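Trainee: Chains as they are written, first to last, in this note's numbering: chain A, 4 to 127; chain B, 1074 to 1466; chain C, 426 to 553; chain D, 52 to 303.
By construction, these hints were calculated from the structure, which means they are not laboratory data. Just to be clear, a hint being listed does not mean it is correct.
To be verified - Now the stretches of chain D that chain A is said to cover, found in silico as 3 or more residues with beta-carbon under 8 Å:
1. 250 to 261
2. 283 to 289
To be verified - Partial list, computed: chain C residues near chain D (C-beta under 8 Å):
3. Ser-431
4. His-434
5. Arg-437
6. Phe-451
7. His-468
8. Gly-521
Here the structure is a predicted model, which means the values were calculated and not measured. Backbone N, C-alpha and C fix where the C-beta goes; we use that ideal spot for every residue, glycine too.
The chain contents come next:
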Amino acid sequence: MISSSPKSRENAWLWLYKIMSGLLIFFVLGLHFLVNHLVEKGGLLSYADVVHYYTNPIIPVIEVTFLVLAVSHSLIGIRSIVLDLNPSGKVLQFIDWCFIALGSAAIFYGIALVIIVVSRATGV
Amino acid sequence: MSLTNKPHVIIIGAGFTGCATAHDLALRGFDITVVERGEIASGTSGRTHGLLHSGARYCVNDPEAALECIEENATLRKIARPCIEFNGGIFIALDESDLAYADSFIEGINSCHIQVNELKPAHVLAQEPNLNPHILAAYAVPDGAFDPLRLALAFAATSKENGAHFLLHHEVQELMVDGQGNICGVKTWDRHADRKIDIKGDMVVNATGAWAGQIAGLAGVRVPVIPTPGVMVAYNQRLVQHVINRLNVPGDGDIVLPQRRMSVIGTTSFTVEDVDYIPVTDEQIRLMYERACALVPAIRQAHQRGAYMSARPLIGSSVQGRSLSRTFKCYDHQESDGVTGFVTITGGKATTCRAMAEKTADLVCRKLGILAECRTKEMELTSYRKFYLYGYS
Amino acid sequence: MSNRPSPLHFWRWFDPRARQVGTWAFIINRITALGLTAYLFIHLIVLGQLALGPQYYDQFIAFAKLPVVKIGELAVLAAGIIHALNGIRVALTGLGFAVRWQKHMLYSLMCLAALGIFVVFVKLFLLD
Amino acid sequence: MSSIRWKVTFIITRQRSKSKCYQQPFLLEVDPDEYILDCIERIWAFHDRSLTFRHACHHSTCGACGMRVNGVEKLTCITAIRSVTQDGGTVHIEPLRNFPVLSDLVVDMSTFFLRLEQVNAATVLPLQEACLPGEIKDQPVIESGQYERLVDCIECGLCISACPTALTSSSYQGPATLAAIQQGCQPGNQPFQILLADHEDGVWRCHSAYECSAVCPSNVDPAARIMNLRRRILTQHIRSLFSRQPEEAKNE
């Protein structure tokens, strides 16, 4: 009765994280557009533009923050939709691992990309 | 049905009386099956006004019913607290004829040992500002309001805890008769599954209230029950906290009852033949509205939320309607008609359902030769929600 | 059909018949959430291509100027705007603030979203 | 009320145990101000005695007669014909969703009642606690505990039927239970109930569709109560984060 989907661990902190990351994404995205607009007035139309864009040290910080927030926000959100489908404990555990793997892969992959571009931008 | 050696009693009807009787008999060690053609309290019981009578309304004209009411009022407050909002009631006099009634009212109330307090009109208006300001006299009595379905369910739930079975949506179509002409069970139609089920029992209790005459008819005996419907209209604001009664001979639309977020005004009194469907007419609603406005003028600012009708089972005699007694009667059909295995309980008020059950259970015990004391007076009822927790049968 | 709760009834989430605006907000939020998540991962993969070198990037920019892609871009931005603005409402009411005004908030935020989407539309299709 | 008569077709979803459900039409002549439940009772009395439905008080105090009327959860005893159709129109009557059907319009609400029982949902409360804020402003000073009344929630199950989370997930506590916790629990007062609300199937499962409050016939406003409960629980969590010592001292 108390729960038919054990260990879903839906809780206050997860919920608060979902809300807070959502709000932060909102601000970071705003910042992203603002910086984008100020730094590269014509938009990132060529590869050179992009590389130049990343010479500003604030850019990779913003991009990585955004990446982490967006990936975690979306996966936690999708997970709460999955919970509504009443998965069994085992299925949910499997899905959790998939999401953790997918999320960390996406974040590492994104960071790697940023490092590649930044390294080209700074010529390291 | 019966797997034990306990005597098996079939109760027809899961209204207040049926549920309370099931509770009483289950406590006395009987095996109980309650058959009901609808849902718990889907007949008269559910559609009562919800007034937990102190007996004051009947103390002049019907002291027998008044005495039953005040005794059961105290008992129910003890055993069924979660179903009752107990704020007391006030009888108010608004004209000379009301004042003239006051003396006989006080006399009646004292002889029935109902606790009464005379209140100053200004004091009443301070507590109940929505009342008609032209109050001439006021008396406080221990009236209350209850939730009809939940009260019936509380009895039913407790009986279930003690082993009773409930077959809801099972309509009794015939009574089973053995070779000697004794009633030995019921033939029912299970409306959930659309199939016939026969249930054998040592005794059949007819607790069908206003329908008691029809069920008794199946056994070829007569019960003089006169279905006497009354209309009630619910308004969408709780304008008073006490039950407001007109201080006069019981009449139409002279009670305003607070219940949850509503004020419910009742009632009328007339007689009908068929009780399965009684329409509510516009005239009756209008009458209720006018009478309610006399007691609580603020009703004018409220909106009608519901209007309904319920058929009191009054015991027949040569008089009609309002003057019929509100007391109950238990019929032993062996004594009156020579039919064994069949008893009828009808009449009474919702407030007195436990006492009706006690009387019926006493009779059943006597007839089946069982020695067991009634224990329902002191035993607190279990949560009404538990009725549903033990499955639906 | 069975009447008890079942994961197979998930399509009823998206059935707004006879429901109130709260359900519309719920549906929009859920659909945009799924859409944006899908976009997020596709976007990451595409970005991976871009990092490979200038020739890929220029190819992509040419591709991005196709009208079909632009419509997709508009859809993503619209979804983002709607999800974000409704998110503000969900966050506020979810913390117990202005719950009484959730409908009004939804209406005004969606008007704002429409305005935002219009600006994006102008920027994408008319100012280029 | 009026003397106008309307011809209305009631299309009722019928179902016997295990057999397929079907829709049965009944043409009735009705008073537009009549209540849906009275019409259903008339169909039972004069057209088809096999029709099953739940009802008791006929004035919205018992909560037995909840059904879906034209797709919307309604307490049929207080829903006038006029409010859902017009002359010559149709009224679709279905059982509540998200509960197993026993037959026709009767659903099994045992899990729902079990949950309410589990959190010990209040039935009668002092007047101030039973009312919404500002509701008893017309009353003179009512001393604490002077009057009491039955609470607003009539346990009709409409909120469960309307809730999108309850459509697919049977484990969610549901609006009525969470609302009962909110009403019955003063902060820090009844830790068990708060634990159930803060549990993984409690308030965090709500997705803010506000349908429970939209269909509630009794002004409970479960959605607002769920949100309020969230705030209380979050506040408690955050507070205990910064003052672990006093919390523990209090428990000892």
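Trainee: What hints, given by number in increasing order, does this structure fail?
Mentor: Of the numbered hints, just 7 does not hold.
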